[in-house]
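Put together the whole structure using the sequences plus the hints.
If you're matching them up, the sequences are chains R and X in order.
Residue numbers for the first sequence follow my numbering, beginning at 1 and rising by one.
Residue numbers for the second sequence follow my numbering, beginning at 90 and rising by one.
You may find that some hints are simply not true.
[To be verified] Derived pair list, reagent style SDA-like, types lysine to any residue, alpha-carbon separation capped at 25 Å:
{"#": "1", "chain 1": "R", "residue 1": "K59", "chain 2": "X", "residue 2": "K169"}
{"#": "2", "chain 1": "X", "residue 1": "K169", "chain 2": "R", "residue 2": "L78"}
{"#": "3", "chain 1": "R", "residue 1": "K81", "chain 2": "X", "residue 2": "L178"}
{"#": "4", "chain 1": "X", "residue 1": "K184", "chain 2": "R", "residue 2": "G36"}
{"#": "5", "chain 1": "R", "residue 1": "K48", "chain 2": "X", "residue 2": "T189"}
{"#": "6", "chain 1": "X", "residue 1": "K143", "chain 2": "R", "residue 2": "R84"}
{"#": "7", "chain 1": "R", "residue 1": "K51", "chain 2": "X", "residue 2": "D186"}
{"#": "8", "chain 1": "R", "residue 1": "K81", "chain 2": "X", "residue 2": "K181"}
{"#": "9", "chain 1": "X", "residue 1": "K143", "chain 2": "R", "residue 2": "G58"}
{"#": "10", "chain 1": "R", "residue 1": "K51", "chain 2": "X", "residue 2": "L178"}
{"#": "11", "chain 1": "X", "residue 1": "K184", "chain 2": "R", "residue 2": "K30"}
{"#": "12", "chain 1": "R", "residue 1": "K72", "chain 2": "X", "residue 2": "L175"}
{"#": "13", "chain 1": "R", "residue 1": "K59", "chain 2": "X", "residue 2": "T179"}
{"#": "14", "chain 1": "R", "residue 1": "K51", "chain 2": "X", "residue 2": "L137"}
{"#": "15", "chain 1": "X", "residue 1": "K146", "chain 2": "R", "residue 2": "R52"}
{"#": "16", "chain 1": "R", "residue 1": "K71", "chain 2": "X", "residue 2": "D186"}
{"#": "17", "chain 1": "X", "residue 1": "K145", "chain 2": "R", "residue 2": "R52"}
{"#": "18", "chain 1": "R", "residue 1": "K37", "chain 2": "X", "residue 2": "K183"}
{"#": "19", "chain 1": "R", "residue 1": "K51", "chain 2": "X", "residue 2": "F192"}
{"#": "20", "chain 1": "X", "residue 1": "K142", "chain 2": "R", "residue 2": "R84"}
{"#": "21", "chain 1": "R", "residue 1": "K81", "chain 2": "X", "residue 2": "N173"}
{"#": "22", "chain 1": "X", "residue 1": "K146", "chain 2": "R", "residue 2": "G58"}
{"#": "23", "chain 1": "X", "residue 1": "K143", "chain 2": "X", "residue 2": "L175"}
{"#": "24", "chain 1": "X", "residue 1": "K181", "chain 2": "R", "residue 2": "I65"}
{"#": "25", "chain 1": "X", "residue 1": "K128", "chain 2": "R", "residue 2": "N85"}
Hints listed in this document are in silico derivations from the structure and should not be mistaken for laboratory results.
Computed from a prediction, not measured in an experiment: that's the story for all the values here.
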Amino acid sequence: MKKKNIKKKNSQNNFSKLSVFQNQKYKFKKKCPLSGKGAPVVDYKNIKLLKRYISENGKILPSRITSVSQKKQRDLSLSIKRARNLALI
Amino acid sequence: MNYYEHTLIARQDISPAQIKQLQEKYSKIIENNEGSIVKFESWGLMHLSYLIKKNKKGNYLHFKIEGNGKTIKELENTEKLDKNLLRFLTVKVKKLDLETDYFKKNEEMPKK
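Laid out in C-alpha cells, this is it:
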C-alpha cells in the first residue's frame with residue numbers, strides 16, 4: 001500500500017507541472033506559444049525556455065500537452081538534446 | 090564559407106592561465122586552417138547537471154566561427170586528444186546570433 005501511495009504522489013507532482021499548461025483559463029487554448037510574431041527563439045543555449053518544456057525528470061514533454069506546433073517541437077527536441085550533451089539541463 | 094558555433098567544456102581544476110592558453114591554442118588552430126573567429130565568449134565556471142569524468146563543474150568556452158569543413162575537422166581532431174577537455178559541441182548555423190548572450194545574465198544574477 002505504501003509503495004502505491006508514493007507512486008501516486010510522484011504522478012501528482014508530475015501532473016502539477018503538466019497542469020501549468022492546462023490551467024482552467026487556458027484549457028482550450030490551442031495556439032502554439034513558439035510560432036508567430038514576437039515568439040522566443042528556440043536555441044540550445046536558451047535554458048530558461050527549454051526548461052519549460054521538460055518534465056521534472058528531464059524528459060521532453062509531448063506536444064499534445066504543451067500545444068507546440070510540429071515544426072517547433074522538432075526544433076525543441078533537437079535543442080534539448082544538444083543542451084543535454086553539454087550538461088546544461 | 091559556413092558559420093559555426095563551437096562550445097568546449099574544460100576540467101574544473103584548471104587555472105585561469107591555462108584557460109587562456111586553451112583559448113589561444115584553439116584560436117590559432119582555427120586561423121591556421123582557413124577560418125576566422127567572429128566572437129569569443131567565456132561562460133565561466135558552471136555547474137554540470139550530471140557528473141562527467143568525476144567533475145561537478147566545468148569551464149565553458151564558446152566560439153563563433155566562420156570557416157569550412159576542413160577547419161572543423163582539424164579542430165575536432167585535436168580536441169579529441171586533449172585531456173583538459175570534457176566535451177565539445179559544434180553546431181552549424183545559417184546566421185550567427187551576436188547580440189544575445191544567454192549566460193551573461195546568469196553571471197550578473199548572483200552578484201545582486
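Here is what the structure says about each hint:
1. R/K59 <-> X/K169: The hint is violated at about 29 Å.
2. X/K169 <-> R/L78: At roughly 23 Å apart (the allowed maximum being 25 Å), R/L78 and X/K169 satisfy the hint.
3. R/K81 <-> X/L178: Since the Cα atoms of R/K81 and X/L178 sit roughly 11 Å apart, the hinted pair holds (cutoff 25 Å).
4. X/K184 <-> R/G36: holds (20 Å)
5. R/K48 <-> X/T189: Status holds; Cα separation ~14 Å.
6. X/K143 <-> R/R84: Between X/K143 and R/R84 the Cα gap is close to 17 Å, so the pair holds against 25 Å.
7. R/K51 <-> X/D186: holds (21 Å)
8. R/K81 <-> X/K181: holds (15 Å)
9. X/K143 <-> R/G58: holds (21 Å)
10. R/K51 <-> X/L178: holds (20 Å)
11. X/K184 <-> R/K30: violated (31 Å)
12. R/K72 <-> X/L175: With Cα atoms ~30 Å apart, R/K72 and X/L175 exceed 25 Å; violated.
13. R/K59 <-> X/T179: holds (23 Å)
14. R/K51 <-> X/L137: Roughly 15 Å separates the two Cα atoms, so the pair holds.
15. X/K146 <-> R/R52: The given pair, whose Cα atoms are some 23 Å apart, holds under the 25 Å limit.
16. R/K71 <-> X/D186: Holds, at about 21 Å.
17. X/K145 <-> R/R52: Judged against 25 Å, a Cα distance of about 24 Å means the pair holds.
18. R/K37 <-> X/K183: Given pair R/K37, X/K183 holds - Cα atoms ~20 Å apart, limit 25 Å.
19. R/K51 <-> X/F192: holds (15 Å)
20. X/K142 <-> R/R84: Holds. X/K142 to R/R84 sits at ~16 Å (cutoff 25 Å).
21. R/K81 <-> X/N173: holds (24 Å)
22. X/K146 <-> R/G58: Holds. X/K146 to R/G58 sits at ~19 Å (cutoff 25 Å).
23. X/K143 <-> X/L175: Status holds; Cα separation ~10 Å.
24. X/K181 <-> R/I65: Cα-Cα ~30 Å, so violated.
25. X/K128 <-> R/N85: Between X/K128 and R/N85 the Cα gap is close to 22 Å, so the pair holds against 25 Å.
Checked against the numbered hints given earlier, this structure breaks hints 1, 11, 12 and 24; the rest are met.
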